Each structure stands twice: as structure tokens, then as C-alpha cells.
Amino acid sequence: MILLQNIWYWAGNIYVTMAIFCFMILDLLNGYVMLKYHAHLFDPINDMGFIKWALTFGKESPGRTAWLFILVVCLALLGVNTFVCTTDRVIKLWQNRHRFKRISRFILRFGPHVMHYSMLIMFLGYLVSYLFSGTYLGKVLLPGKTIQVSDVWITLENLTIDYYTGNRLVGMEKRAIDVKARLYLKSGNKLKTAILSFNKPVLFSGLSIHLKNFAPKTGSSGMNRRKYITLIIKQDPGVRFYFTGMIFFTLGLFMYSLEKTEEIR
Amino acid sequence: MKSFIEIWIQILVCLVISLVMAGFMGCSNDNQFTAKKTAKDTEDLSFMSIGSFAVNPLGDGYTEVRDGAGRTLILVPRGKDVPDGYEASQVVRIPVQRVVAYGSFDIAILKALGVVQEVLTGVVTKKEDWYVPEVIKGMEENRILFLGGYSAIDFEQMRKAEPELVLTWDMSILPMMDEMGVTTAITTTPVAMCLNARMKFVRFLAPFFQKEKQAKQYFEKVSKSLDTIREVTRDAKQQPKVMWGDIYEKRVLVEPGNAWVGELVELALSDYQFKDVFGKSCIEISLERFLYSGQDADIFFTYRSPDSGATSKAALARANPLLARVKPLKDGRVYSPLPHYSQSGDKLDEILTDIAAILHPECYPGHKLKYFRQLPDTDPKG
Amino acid sequence: MTIQLSIHYSFLAAAIFYMVSLVGAAGKKKTWAWYLFFAGLLCNAISLGLRYWITFPLLPLYQGAFFLPFVVGVIGIRFGIFHSNALVGILPGFFIVTVLAWSAYLFPNDFYLPFLQFKTLFAHGFFLLGVVGKSMFLLAGVKAVQVLFVQDREAGQAKSMGQIVSWGFVFWTLSVFAGAAWSWLGWGSPVIWDDPLMATTMATWFVYSLLLHLHLTLFAGQRPRAWCILAGAVWVFCFNCLTELGPFRLPGWLS
Chain E
75 MILLQNIWYW
85 AGNIYVTMAI
95 FCFMILDLLN
105 GYVMLKYHAH
115 LFDPINDMGF
125 IKWALTFGKE
135 SPGRTAWLFI
145 LVVCLALLGV
155 NTFVCTTDRV
165 IKLWQNRHRF
175 KRISRFILRF
185 GPHVMHYSML
195 IMFLGYLVSY
205 LFSGTYLGKV
215 LLPGKTIQVS
225 DVWITLENLT
235 IDYYTGNRLV
245 GMEKRAIDVK
255 ARLYLKSGNK
265 LKTAILSFNK
275 PVLFSGLSIH
285 LKNFAPKTGS
295 SGMNRRKYIT
305 LIIKQDPGVR
315 FYFTGMIFFT
325 LGLFMYSLEK
335 TEEIR
Chain F
6 MKSFIEIWIQ
16 ILVCLVISLV
26 MAGFMGCSND
36 NQFTAKKTAK
46 DTEDLSFMSI
56 GSFAVNPLGD
66 GYTEVRDGAG
76 RTLILVPRGK
86 DVPDGYEASQ
96 VVRIPVQRVV
106 AYGSFDIAIL
116 KALGVVQEVL
126 TGVVTKKEDW
136 YVPEVIKGME
146 ENRILFLGGY
156 SAIDFEQMRK
166 AEPELVLTWD
176 MSILPMMDEM
186 GVTTAITTTP
196 VAMCLNARMK
206 FVRFLAPFFQ
216 KEKQAKQYFE
226 KVSKSLDTIR
236 EVTRDAKQQP
246 KVMWGDIYEK
256 RVLVEPGNAW
266 VGELVELALS
276 DYQFKDVFGK
286 SCIEISLERF
296 LYSGQDADIF
306 FTYRSPDSGA
316 TSKAALARAN
326 PLLARVKPLK
336 DGRVYSPLPH
346 YSQSGDKLDE
356 ILTDIAAILH
366 PECYPGHKLK
376 YFRQLPDTDP
386 KG
Chain Y
2 MTIQLSIHYS
12 FLAAAIFYMV
22 SLVGAAGKKK
32 TWAWYLFFAG
42 LLCNAISLGL
52 RYWITFPLLP
62 LYQGAFFLPF
72 VVGVIGIRFG
82 IFHSNALVGI
92 LPGFFIVTVL
102 AWSAYLFPND
112 FYLPFLQFKT
122 LFAHGFFLLG
132 VVGKSMFLLA
142 GVKAVQVLFV
152 QDREAGQAKS
162 MGQIVSWGFV
172 FWTLSVFAGA
182 AWSWLGWGSP
192 VIWDDPLMAT
202 TMATWFVYSL
212 LLHLHLTLFA
222 GQRPRAWCIL
232 AGAVWVFCFN
242 CLTELGPFRL
252 PGWLS
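Protein sequences appear in the order of chains E, F and Y.
Quick note: to get our numbering, add 74 to the position in the first sequence (first position is 1).
Quick note: to get our numbering, add 5 to the position in the second sequence (first position is 1).
Quick note: to get our numbering, add 1 to the position in the third sequence (first position is 1).
Honestly, I wouldn't trust all of these hints.
[As the list claims (entries may be wrong)] Result set (DMTMM-like, lysine to aspartate or glutamate): computed pairs, CA atoms no more than 20 Å apart in a straight line:
1) E:126 / F:92
2) E:291 / F:281
3) F:132 / Y:196
4) E:301 / F:92
5) E:213 / F:281
6) F:335 / Y:195
7) E:110 / F:281
Hint data in this document are derived by calculation from the structure and do not stem from the laboratory.
Here the structure is a predicted model, which means the values were calculated and not measured.
Extracted from the complex, chain E is given alone in its bound form (with noise of 0.2 Å):
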């Protein structure tokens, strides 16, 4: 018992997580002049997912691709050690309510502890991303040609390219400003039409349908006339996961900055 306590307080320890922080923060300057020079060996993690990417491009250049182990070894102690210590004081946060003359005061003084759950969330956003999400790649669609991913069958009925005709835009002369692919979706008997364009996804059966290029680029005769698609199509569980963590850890900082404006107050 006492030694579980004593781990409990180890694990949850605020100079360990100030230890992990400088860890992560040498171990990131690190990978940043991995990723300068060595950009094509992390690539592959995009679409491949880390376990098969550890056991290829991580596994073939360790001294170059070290820190991104390292840097997966500090972001799960620091999840554990961010999960305890934030329990801890929810708890303590919890025992001392009655301390508080507001309930407004009481809850705002929670916002932190939003933001750490929050984090916590986002790890796991990205553990089940990286672990378990598909990437189909090199995906082409031709107007009136239809591909086939898992179950969905996916058709581009039309493709308009617009070229920029003004003179504001620098560079932009003759060239593709705006791009609408209509897509009609089938997976058994659910039935879609929907119009993909740059920034702008199409969900479909647990798919997204991301836009990634586009030809002919150029209002003029260019090096490729005919017209088409590609496509990055992602079957990502994890989404879900991170997005919501990074809205409540945004609602956390609301929470936060509104407890000390009113401190101020």
C-alpha cells in the first residue's frame, strides 16, 4: 500500500513533469533538424501509421529517427504523470468545495484540470490514429470514372476548375483559384452526393475524402490537359478523439482566462 502510494506520488510529481518538459523540448529541437534534413524518412508516418513506419524508415536510420521514439516515450509519461497529478487535485478541488462562497468561482477553478483531461483526450486521439487508422493513396478520378475503397464506391460526376481572370492576385494569372469536384457516394444502400473542394472533406461511411490535386492547373494549354482528381481518403478513428479534446481543452483556457479576469475584477 505504502508503496503503491509512493508511486502514486512519484507518478504525479510536478518536477517529474518539469523534467519530461525539458526532455520533450530538447528531444523537439532535435527533431527539428531531423526533420530539415531528413523530411522523406517521415513522410511515410502520414499514410503508413507509426507500428509500420517504426519497422521500416524508424528501424533503417535510428540516429535519425531516435527522437520521435523518444519523444512517443515522453508524451505517455507525461500522460500518466498529467493524469494523476490533475486527479489529485480535482480531488482535493472536490473535498474543498465548501471553501468556495460562488458556485460560478467553484467550477471556473476547474478550467485547468479541463485543459490537462483535455490533453490527455488529444494523446489519445493520436495514439489511435497512428495505430490504427488507413490511408488509401494514389487514388485517381477521372470525370465519369468511379473507384472503389473498402465498400464505397465513389464516382466524380463533374470537376470545375475556375482560373483566376483579374489582375490583383500576384502569380495567379491563368491559374486554377478554384476547384469543385461533384462526388456521388455508394456503400450498399446509402447514397450520397457531395461536392469536394480544397479545405473542404467529404465524410462518407467512416470515410474522409480529402482533395490533394488536381490537373490542369493552368487556363492555357499546360503539360497535361486531360482532367482529374487525386485524392487522400482516410479511414481514422482517432479523429474524433482529438478534435473533441482540443475543444474542451479551448473551453479549459476559456474557463481559466475567465477565472482570472475575475480575480482581477
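Fit chains F and Y to the supplied structure of chain E, relying on the hints for placement.
For chains F and Y alone, kept in the frame of chain E given last:
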């Protein structure tokens, strides 16, 4: 409490030292080539990354490769079963016996592997524009078909060529190739190929044809030429400023610093004017930056060949008056690639030597350029 | 081309005004220094407005260096960090703005063309919130200098230093989240592993997370925290400002 903090500081210091050491270990730039064989180069069964490409031998003759678009292909020896988890469009039966190739560099690498005559069945350049004897002969004998220009492929001709594999940069043909049941490998990358990747690209194509030995010989030949360049230029007294790109109407395209040409220039003790630019080959940058870099450059490599107007400095300046403002066109040296340059990837060692000789002519007395031509000030009369 | 020249020269004018205002402040001509500083802010604003005019709704990479001196100046004045009570009230602030302006001018990195994926509010949010966050971190450093070297023992100084760091953290976090949202919308993942600046952005987030927890440790005192905040500002300058700069470019009118 004080000793507790001291302990933590000691632990932190140890961790910092170990991190810094790990950092220095991994800090070596891909640019530092040596002719020494590393365990990676000689070991055939280990994963190998080649820029954005990758080769992953799975054992028992199977190989998984990653092409320039990040697509995974599985190379399956003939007669063996296809492993689970791969779509039909990902499977390539090896050794490949019939190939259509878009890129002249890809075809040159096939030549380096010694398979171009046997496997090449279709190209996208007319016979008149070829300088590779094997390709010309193949087209004359109708073994190699002209499939139309790269922007207007005749898919009926493609069917006649009966390829098992298509090597291309054009992702728009993927749906058609899927319909035809032909596997496609994208051989260009979103980021420019570094020098290491350019040299090692042969080792990406080699497993398709089971020519790993020839690939190693090619790589060693190029590696050796690089060592020679480093050796010969080590004591070069001058460090010329070099730029590589061009202006087309209002578009300015250059080779970024991470491209193989940028890395070679720096390796040969010269100053590449776009070494800080990062991105794909022929990256577009602002005109202001191009002209600024050009105002004190000594050597300018243009993309244009003589066929596309690069016959003299005056001709280049006429094609685009803005170009006339860069210093090499006023009182420096301008070089244009000869028509067979892009088709000579199998002679990459000679190309690298040519470039080094251009940068440091004093280190290569009597060297005759084979792949580049120095542009005269004006076109010859008559 | 005219607009691009206007952008270039208005920013140059801003940098010159900042530098002369710094010299004026050092020469104890505080009124003139303030007039020149405001003139610099005006020229900087014109330059930024024109930059956005020729690119909006897109924005090329590495524009932050040109926005930073303006945002630092405006926030510094608005929140009383640059105050006229003593020379040390304005000198550190004018100094940091001058350094930022001249480093952006002499080490520009804005030669890339805009790309279509920037066409989303999240991208602009990521960019602008990041600039504001960086500005607050640098201004917290200015405040730390005032606390450390003015020997001002007012409790309010240290508290306002902490508040600036907190607000900087808020903006920096929102910038990171906006960037994650943009990254997911555009590329399907909240983190794209080919941008080295992603590592320094996260590192800075952890630096300031660490600073915000200092009050729970032995470093809770005013002076230790001021030193840590000053170190944080130096960190931000080295790893979030300098990393966005390009190679040295001698101005055409000097060569």
C-alpha cells in the same frame, strides 16, 4: 529537498548529453557521400529508403516497394502466390518482361540495368527525338511503339504494347491502367530527388527486373565519380555562384537546394544561389528572388535545350528580356543541356563530372563537355 | 510590380522609422521617438495591407516575419508594456521591434508563391494567432527585462508578466489547434510529418507550459520567473522567428 533537486539536475544533464550525442549521430546530411560501402548498401534483405521511394524485401523473393506517390506495390516472383492484403493493381510479376516508360531518365536506368532492349515496349517520345541506340533500333523494328505525346496517349497503342508495368509521372492514367489490368509505378516525387536518391533510384527499379547486382555496380560507379569530384575540387581556389532555372513568360522555375543539382553544386565547393529553396523540381519562385540571386551569379544553367531556343545568350534574352538582367547573361557563363542529356541517366557519373568541370574548369584541364553546351554571346551568322 | 515595390519600400520605411525611434529613445528624445515609432507602425501597416491585398484569400509561406514587428508594437502600446514612465519602459520594446523589422528586411524568405490549400479561415487563423502568440511571448520577455533591470518591486509588474505569458499561451494554443484543423481539412491528418517548423511550434508550446507551471515549484519567485520568461522570449526569437527567415540579402540600394 536540495539534494533531491541536485539529483534531478544530474539526471537532466545526463539525458541532455545523450540527446545531443544522438543528435550529432543523426545529423549527417545525406550530402556526405563516400565510396565506402555501408552495411545498408551491401545487405540485400534490409529495408532501404531512396528519397521518397522505398524497397522492402519481404523474403522468399517477395519485395514490397513504395513509389513516388507513396503507393505500395508488391513484387511477386512468377509462379508464386500473391500474398493477402494486396489489390490486383498493386501486384507486379517479376521479372517484368514488358514495360512502357514515360520518363527518359527511367529508360536510361533500364539501360543501366541492361534490360532496355528486352523489356521496353512503349515510349511517349517520337523516334526522331531519341538518342538512345537501343530505343531507336527497337522503334525501327516495331518492338517499341510510340504511344503519342505524354499529354495525348493513344490507349489503343498502349494495349498493343501489352505492358505489364507502366513507369510514369502522370497520375491521370491510373484509372485507365487499372481498367486495362496494368500496374503503374509513379517515378516522380512531390519533393525534388536529392543526390543520394538520384544515384540510388536504380535500386528502386532493380527489383522489378531482378537486376540488383547491376544496380549495385551502377551505384558504385556513380559513387566513385562523386568521390573523384570531391577529391579533384577540394583545392579549387574559386567558389563560383551557380543558378539553375529559367523564366517562362512570367513564371520563374528553379531547381531547389534539396534537388540533386543543388547538392552537387555545394558538394563541388561552389555556391548554389537557391540552396535555401526547398520543394519539388522546377519549383516556382518569385521573379524578384530570381533576379536578386542572378545579380552576382557566375554560372547559369538553363532548362532550355538548343531546340527550345537556347542557342545563345542573345537568343535567351530575346525569349525573355527579364533574363537579360542576370549577371551570367551579361559577363558570365551560360550552359544549356544538349538534347541527349535527359536521356543519359545511365551515364550519370559522366554528367556529374561534366557539371563539376563547368564549375571548376581549372580542375579539369582539357575536359570536353559531353552533355552541356556553353552558349555563345550571339548566334553565329549564316 | 508597382504594388510589390510599394510593399518593399513601405516596409523599409517602417524599419528605418523603428531604428531612428530607437536611437531617439536612447538619446532621451522620447516625444520624437514616439512619433517616429508610430510612423513606423503606419508604414508597416501599409506594407502588410498591401501584402494581403495581392494574395488574399491565399497567403504565401513565411510571411510572419513582416507581421511580427507591427503586432509586437501595437500590443506593446495597447497593453502598456511600452510605457513612457522611464527610458527602460520603451527602450527594450523599441529594440525588439527594430531587430524584428531589420531581420525580416535583411533575411527575407517570402519568395514562395501562394498555394490553394491556404484558402481557409483555419489557415489564416493559424498564421495570425501564431503571430499574436509569438508577439506576446516576446513582449513578456520585454516585461521581464523591465522587472529584472528596473528593480521595480511592484507586485503588479510580475503579475502582468504572468498574464502576458498566459495570453500568449492562449493564442499559441489556438494557433496550434487552428493549424491542426487546417491540416486535417487539407491533408486528412492533424499533423503532417514533413514540416520542421511543426517541431519547434510544439517545443515552444511545451516551453510555455513549463513556464506556466513554475508557480508550483521552487521557481515561483518574481526574479526566477522573470529570468525564465526572458529565456522563453530568447527561445521564441531563436526557434520561432529566426527559423522562418531566409538567407542574408543585401538590399539593392546598398550593393
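Do the hints match the structure? See the list:
Among the hinted pairs, residue 126 of chain E with residue 92 of chain F is consistent with the structure: their alpha-carbon atoms are about 19 Å apart, no more than 20 Å. With a C-alpha separation of about 26 Å, the suggested pairing of residue 291 of chain E with residue 281 of chain F is violated against the 20 Å cut-off. In summary, the hint linking residue 132 of chain F to residue 196 of chain Y is not supported, as the alpha carbons are separated by about 43 Å, beyond the 20 Å threshold. The hinted pair formed by residue 301 of chain E and residue 92 of chain F fails the criterion: a straight-line CA distance of about 25 Å is larger than 20 Å.
Taken as a hint, the residue 213 of chain E and residue 281 of chain F pair is broken in the structure, with Cα atoms around 32 Å apart against an allowance of 20 Å. Distance hint between residue 335 of chain F and residue 195 of chain Y is unfulfilled; the C-alpha atoms sit about 39 Å from each other, more than 20 Å. With a C-alpha separation of about 11 Å, the suggested pairing of residue 110 of chain E with residue 281 of chain F holds against the 20 Å cut-off.
The earlier numbered hints that this structure contradicts are 2, 3, 4, 5 and 6.
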